[in-house]
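A.B. asks: Letter by letter, the chains look like this.
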Amino acid sequence: DTGVSQDPRHKITKRGQNVTFRCDPISEHNRLYWYRQTLGQGPEFLTYFQNEAQLEKSRLLSDRFSAERPKGSFSTLEIQRTEQGDSAMYLCASSVGQYNEQFFGPGTRLTVL
Amino acid sequence: KQEVTQIPAALSVPEGENLVLNCSFTDSAIYNLQWFRQDPGKGLTSLLLIQSSQREQTSGRLNASLDKSSGRSTLYIAASQPGDSATYLCAPFTGFGNEKLTFGTGTRLTIIP
Numbered sequence: 001d002t003g004v005s006q007d008p009r010h011k012i013t014k015r016g017q018n019v020t021f022r023c024d025p026i027s028e029h030n031r032l033y034w035y036r037q038t039l040g041q042g043p044e045f046l047t048y049f050q051n052e053a054q055l056e057k058s059r060l061l062s063d064r065f066s067a068e069r070p071k072g073s074f075s076t077l078e079i080q081r082t083e084q085g086d087s088a089m090y091l092c093a094s095s096v097g098q099y100n101e102q103f104f105g106p107g108t109r110l111t112v113l
Numbered sequence: 114k115q116e117v118t119q120i121p122a123a124l125s126v127p128e129g130e131n132l133v134l135n136c137s138f139t140d141s142a143i144y145n146l147q148w149f150r151q152d153p154g155k156g157l158t159s160l161l162l163i164q165s166s167q168r169e170q171t172s173g174r175l176n177a178s179l180d181k182s183s184g185r186s187t188l189y190i191a192a193s194q195p196g197d198s199a200t201y202l203c204a205p206f207t208g209f210g211n212e213k214l215t216f217g218t219g220t221r222l223t224i225i226p
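Residue numbers (our numbering), protein chains in the order written: chain A, 1 to 113; chain B, 114 to 226.
If you're looking for bench data, these hints aren't it; they were derived computationally from the structure.
Even glycine gets a Cβ: it sits at the ideal position worked out from N, Cα and C.
Careful, some of the hints might be misleading.
[To be verified] Under 8 Å between C-beta atoms, here's a sample of chain B residues computed to sit facing chain A:
hint, residue
1, Val133
2, Ser137
3, Thr139
4, Ser141
5, Asn145
6, Gln147
7, Lys155
8, Gly156
9, Leu162
10, Phe206
11, Glu212
12, Lys213
13, Phe216
14, Gly219
[To be verified] Short, incomplete list of chain B residues facing chain A, as computed with Cβ under 7 Å:
hint, residue
15, Ala142
16, Ser159
17, Leu160
18, Leu202
19, Thr218
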């Protein structure tokens with residue numbers, strides 16, 4: 001499978017715990033995005049990497065959120081001290097080239113109890 | 114700030130009918146626009162990317178049109194099938210330097226066998 005992969009697919013945690021998600025983009029895609037989607041809404045942009053550089057962050061990305069892409073390949077998104085409002089689907093996408101067609105992974109569904 | 118509206122929010126049609134989904138966006142200075150489908154609890158699947166210089170883009174039974182100056186795009190689905198049942202999302206891309214896709218809430222399509 002050469003698509004975008006995300007791990008885990010589901011995560012249930014208790015409020016106050018830290019969680020980390022992983023995204024593996026399509027090989028050779030230099031751009032990587034994180035979005036968050038709540039029920040009944042469209043995805044909302046969180047952050048963007050070009051290679052290993054984090055070039056844009058949304059105001060949605062509070063100081064409890066941190067994302068990395070250390071070698072310009074896979075990326076991790078960590079949420080510290082989770083809150084019930086963090087419950088959502090976290091989607092990763094990657095792209096390359098002049099048209100920037102974004103391809104999405106299956107998402108990680110987070111439930112904070 | 115780009116805002117995206119999709120009308121209708123939900124649509125049910127009998128199998129075999131042709132249908133049109135509408136997307137409007139407030140900032141017409143876009144680079145391209147993507148249409149996606151999303152099955153319940155899943156990630157997004159890219160259907161079509163239409164560049165700002167194009168008026169139409171076709172893939173199988175799908176045809177997307179773009180009227181950039183009026184801030185509108187439509188997705189035409191011919192000869193609908195039950196497997197087309199999903200939520201359809203449009204997302205304009207403003208261009209490099211403002212990397213994110215902006216989504217509306219989508220149109221939930223149900224094809225009745």
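A.B. asks: If a hint holds in the structure, say so; if it does not, say that too.
C.D. replies: How the hints compare with the structure:
Taking 8 Å as the C-beta contact cut-off toward chain A, the hint placing Val133/B at the interface is violated, the least distance being around 19 Å. Interface restraint check for Ser137/B: the shortest CB-CB distance to chain A comes to about 14 Å, outside 8 Å, so the restraint is violated. At about 15 Å, the closest approach between the beta carbon of Thr139/B and any beta carbon in chain A exceeds 8 Å, and the interface hint on this residue is violated. Checking Ser141/B against chain A: minimum C-beta separation of about 18 Å lies over 8 Å; hint violated.
Among the interface hints, the one on Asn145/B holds; its C-beta lies about 6 Å from the nearest C-beta in chain A, closer than the 8 Å criterion. For Gln147/B, the interface hint holds, since its Cβ comes within 8 Å of a Cβ in chain A; the closest pair sits about 7 Å apart. A least Cβ separation of about 6 Å between Lys155/B and chain A falls short of the 8 Å threshold, and the interface hint therefore holds. The closest approach between the C-beta of Gly156/B and any C-beta of chain A is roughly 4 Å, which is under the 8 Å cut-off, so the hint is satisfied.
A least Cβ separation of about 5 Å between Leu162/B and chain A falls short of the 8 Å threshold, and the interface hint therefore holds. Evaluation of the Phe206/B hint against chain A yields a held restraint, the C-beta minimum of about 6 Å falling below 8 Å. Because the closest C-beta pair between Glu212/B and chain A is about 5 Å apart, less than 8 Å, the hint holds. Look at Lys213/B: its Cβ gets to within about 4 Å of chain A, closer than 8 Å, so that hint holds up.
Hint status for Phe216/B: holds, given a least beta-carbon distance of 3 Å to chain A, under 8 Å. Interface restraint check for Gly219/B: the shortest CB-CB distance to chain A comes to about 6 Å, inside 8 Å, so the restraint holds. A least Cβ separation of about 15 Å between Ala142/B and chain A goes past the 7 Å threshold, and the interface hint is therefore violated. Against a cut-off of 7 Å between C-beta atoms, the interface hint on Ser159/B holds, since the closest Cβ of chain A lies about 6 Å away.
Interface restraint check: Leu160/B against chain A, minimum CB-CB distance 11 Å, threshold 7 Å, status violated. Nearest Cβ of chain A to the Cβ of Leu202/B: about 6 Å, under the 7 Å cut. The hint holds. At about 5 Å, the closest approach between the beta carbon of Thr218/B and any beta carbon in chain A falls short of 7 Å, and the interface hint on this residue holds.
Hint violations for this structure: numbers 1, 2, 3, 4, 15 and 17, all remaining hints satisfied.
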